[in-house]
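> Here are the chains, one letter per residue:
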Amino acid sequence: MTGEGSSTPLGRVRGLGSAHHGGGHWLRERLTSAALVLLGIWLVASLLMLPGLDHKTVAGWLRSASGAVPMALFVITAFVHAIDGLKVVVDDYVHEAGNNIFLNGLILFAGIGGMAVALFSLAKVAFGAAA
Amino acid sequence: MSRNPDRPLSPHLTIWRWGPGMLVSIIHRVTGSGLAVVGLAVLTWWLWALAAGPDAYQSFATHASRWYGLVVLVGLTWAFWQHLLSGIRHLVMDIGAGFDLRVNKLFAVLTLAGALFLTALTWFIALGVSQ
Numbered sequence: 000m001t002g003e004g005s006s007t008p009l010g011r012v013r014g015l016g017s018a019h020h021g022g023g024h025w026l027r028e029r030l031t032s033a034a035l036v037l038l039g040i041w042l043v044a045s046l047l048m049l050p051g052l053d054h055k056t057v058a059g060w061l062r063s064a065s066g067a068v069p070m071a072l073f074v075i076t077a078f079v080h081a082i083d084g085l086k087v088v089v090d091d092y093v094h095e096a097g098n099n100i101f102l103n104g105l106i107l108f109a110g111i112g113g114m115a116v117a118l119f120s121l122a123k124v125a126f127g128a129a130a
Numbered sequence: 000m001s002r003n004p005d006r007p008l009s010p011h012l013t014i015w016r017w018g019p020g021m022l023v024s025i026i027h028r029v030t031g032s033g034l035a036v037v038g039l040a041v042l043t044w045w046l047w048a049l050a051a052g053p054d055a056y057q058s059f060a061t062h063a064s065r066w067y068g069l070v071v072l073v074g075l076t077w078a079f080w081q082h083l084l085s086g087i088r089h090l091v092m093d094i095g096a097g098f099d100l101r102v103n104k105l106f107a108v109l110t111l112a113g114a115l116f117l118t119a120l121t122w123f124i125a126l127g128v129s130q
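Here the protein sequences line up with chains A and B, keeping their order. Going left to right, the first sequence walks through residues 0 to 130 as numbering that gives the first Met the number 0 numbers them. Going left to right, the second sequence walks through residues 0 to 130 as numbering that gives the first Met the number 0 numbers them.
Treat the hints loosely; a few may be bogus.
Unchecked claim - One-sided and incomplete, this derived list gives chain A residues near chain B with beta-carbon spacing under 10 Å:
no. : residue
1   : L9
2   : G10
3   : L15
4   : G23
5   : L46
6   : D53
7   : V57
8   : P69
9   : V88
10  : F101
11  : L107
12  : A109
13  : M114
14  : L118
To be verified - Chain A is nowhere near these chain B residues, computed Cβ spacing over 10 Å in every case:
no. : residue
15  : D5
16  : I14
17  : M21
18  : G38
19  : A40
20  : T43
21  : L46
22  : G68
23  : G74
24  : T76
25  : G86
26  : I87
27  : G97
28  : L100
29  : K104
30  : T121
Since the hints were made in silico from the structure, they are not lab data. We put the beta carbon where it would ideally sit given N, CA and C, even for glycine.
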């Protein structure tokens with residue numbers, strides 16, 4: 000069931016596997032990593048270039064679209080990449096099925112939960128509702 | 000997957016001769032896991048405090064500027080740059096390049112040196128601006 004364009008190792012595994020995910024997880028980890036190179040450098044550079052890191056300055060920065068939109072992208076991409084990356088570590092070292100599902104489930108729930116809290120907080124600041 | 004305890008395990012950390020490539024590979028995992036757990040926790044706390052108002056933000060800032068907060072922040076800065084640089088090294092290796100032993104070793108050492116340099120540079124700028 001190898002389709003056309005399957006000359007590379009990645010091309011051969013895409014869509015395969017029992018869940019038909021093939022290299023999808025592997026590929027998403029790489030794509031989010033490439034995005035995080037840009038977003039991560041943007042975040043560090045932005046923090047360094049702000050005139051201060053007090054509440055007023057940071058909140059003012061995140062009220063602008065040029066601050067809030069890349070920050071939302073960073074939060075989403077970083078949490079997705081973290082969930083994907085931790086899953087690789089867990090899958091490499093935790094082989095017992097029950098423990099594996101428990102740990103991966105914990106990582107997934109904590110990751111999505113953390114992302115929701117971070118995005119809610121960012122939205123509150125961005126829309127000017129922060130105290 | 001259950002393991003037959005009568006069968007030998009494949010060679011692991013204790014048996015391989017240490018080299019820069021192996022060291023950077025392990026550090027990539029450690030820094031990635033640290034960023035995923037500690038880094039995202041700090042990011043979420045920071046955004047949450049920002050949304051909760053100046054008092055909550057001041058509490059975050061007070062912890063962040065104490066010695067243990069600075070240890071965590073400097074550690075995260077190093078982990079960020081190390082994971083970014085060794086991540087780029089992995090992306091290069093994913094396309095099948097950089098496997099020549101001498102080049103591979105050189106790139107591995109460069110990520111270690113580069114991360115230390117960028118961490119120092121980041122904090123040099125950060126402390127210079129806040130004075």
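> The structure should be examined with respect to each hint, and the outcome stated for every one.
Do the hints match the structure? See the list:
A cut of 10 Å between beta carbons decides the hint on L9(A): the least distance to chain B is about 9 Å, and the hint holds. With a cut of 10 Å, the hint placing G10(A) at the interface with chain B is violated, because the nearest CB-to-CB distance is about 13 Å. Interface restraint check: L15(A) against chain B, minimum CB-CB distance 18 Å, threshold 10 Å, status violated. For G23(A), the suggested interface contact is broken, since its CB lies about 15 Å from the closest CB of chain B, more than 10 Å.
Because the closest C-beta pair between L46(A) and chain B is about 8 Å apart, less than 10 Å, the hint holds. Interface restraint check for D53(A): the shortest CB-CB distance to chain B comes to about 8 Å, inside 10 Å, so the restraint holds. Satisfaction of the interface hint for V57(A) is found here, the shortest Cβ-Cβ separation to chain B being roughly 6 Å, below the 10 Å cut-off. Hint status for P69(A): violated, given a least beta-carbon distance of 14 Å to chain B, over 10 Å.
Residue-level restraint check for V88(A) holds (minimum Cβ-Cβ distance to chain B is 6 Å; threshold 10 Å). For F101(A), the suggested interface contact is broken, since its CB lies about 15 Å from the closest CB of chain B, more than 10 Å. At about 12 Å, the closest approach between the beta carbon of L107(A) and any beta carbon in chain B exceeds 10 Å, and the interface hint on this residue is violated. Look at A109(A): its Cβ gets to within about 9 Å of chain B, closer than 10 Å, so that hint holds up.
The restraint placing M114(A) at the interface with chain B holds, with a minimum CB-CB distance near 8 Å, inside the 10 Å limit. Annotation: interface hint on L118(A) holds; nearest CB of chain B at approximately 8 Å, less than 10 Å. Consistency note on D5(B): stated as away from chain A, and its beta-carbon is indeed over 10 Å from all of that chain's, at 17 Å minimum. A cut-off of 10 Å between C-beta atoms confirms that I14(B) is not in contact with chain A; the least separation is 17 Å.
Its beta-carbon lying about 15 Å from the closest one in chain A, M21(B) satisfies the requirement of being farther than 10 Å from that chain. The claim that G38(B) lies off the interface is violated: its Cβ sits roughly 8 Å from the closest Cβ of chain A, which falls inside the 10 Å cut-off. Remark: the non-interface label on A40(B) conflicts with the geometry, its nearest Cβ contact in chain A lying 7 Å away (cut-off 10 Å). In this structure T43(B) is not separated from chain A by more than 10 Å, as the shortest Cβ-Cβ distance comes to only about 5 Å.
Not every CB of chain A lies more than 10 Å from the CB of L46(B), the least distance being 4 Å, so the non-interface label is violated. Annotated as non-interface, G68(B) keeps its C-beta farther than 10 Å from every C-beta of chain A; the closest such distance is 13 Å. Every C-beta of chain A lies more than 10 Å from that of G74(B), the closest at about 15 Å, which supports listing it as non-interface. With a least CB separation of 8 Å from chain A, T76(B) falls inside the 10 Å interface cut-off, contrary to its annotation.
Non-interface call for G86(B) relative to chain A: violated, since the shortest CB-CB distance, roughly 5 Å, does not exceed 10 Å. Under the 10 Å C-beta cut-off, the non-interface status given to I87(B) relative to chain A is violated; the minimum distance is some 7 Å. Distance to chain A confirms G97(B) as a non-interface residue, since its nearest Cβ pair spans about 15 Å, more than 10 Å. No beta-carbon of chain A comes within 10 Å of the beta-carbon of L100(B); the shortest separation is about 22 Å.
Every beta carbon of chain A lies more than 10 Å from that of K104(B), the smallest distance being close to 23 Å; the non-interface claim holds. T121(B), annotated as away from the interface, has a beta carbon of chain A within 10 Å; the closest lies near 6 Å.
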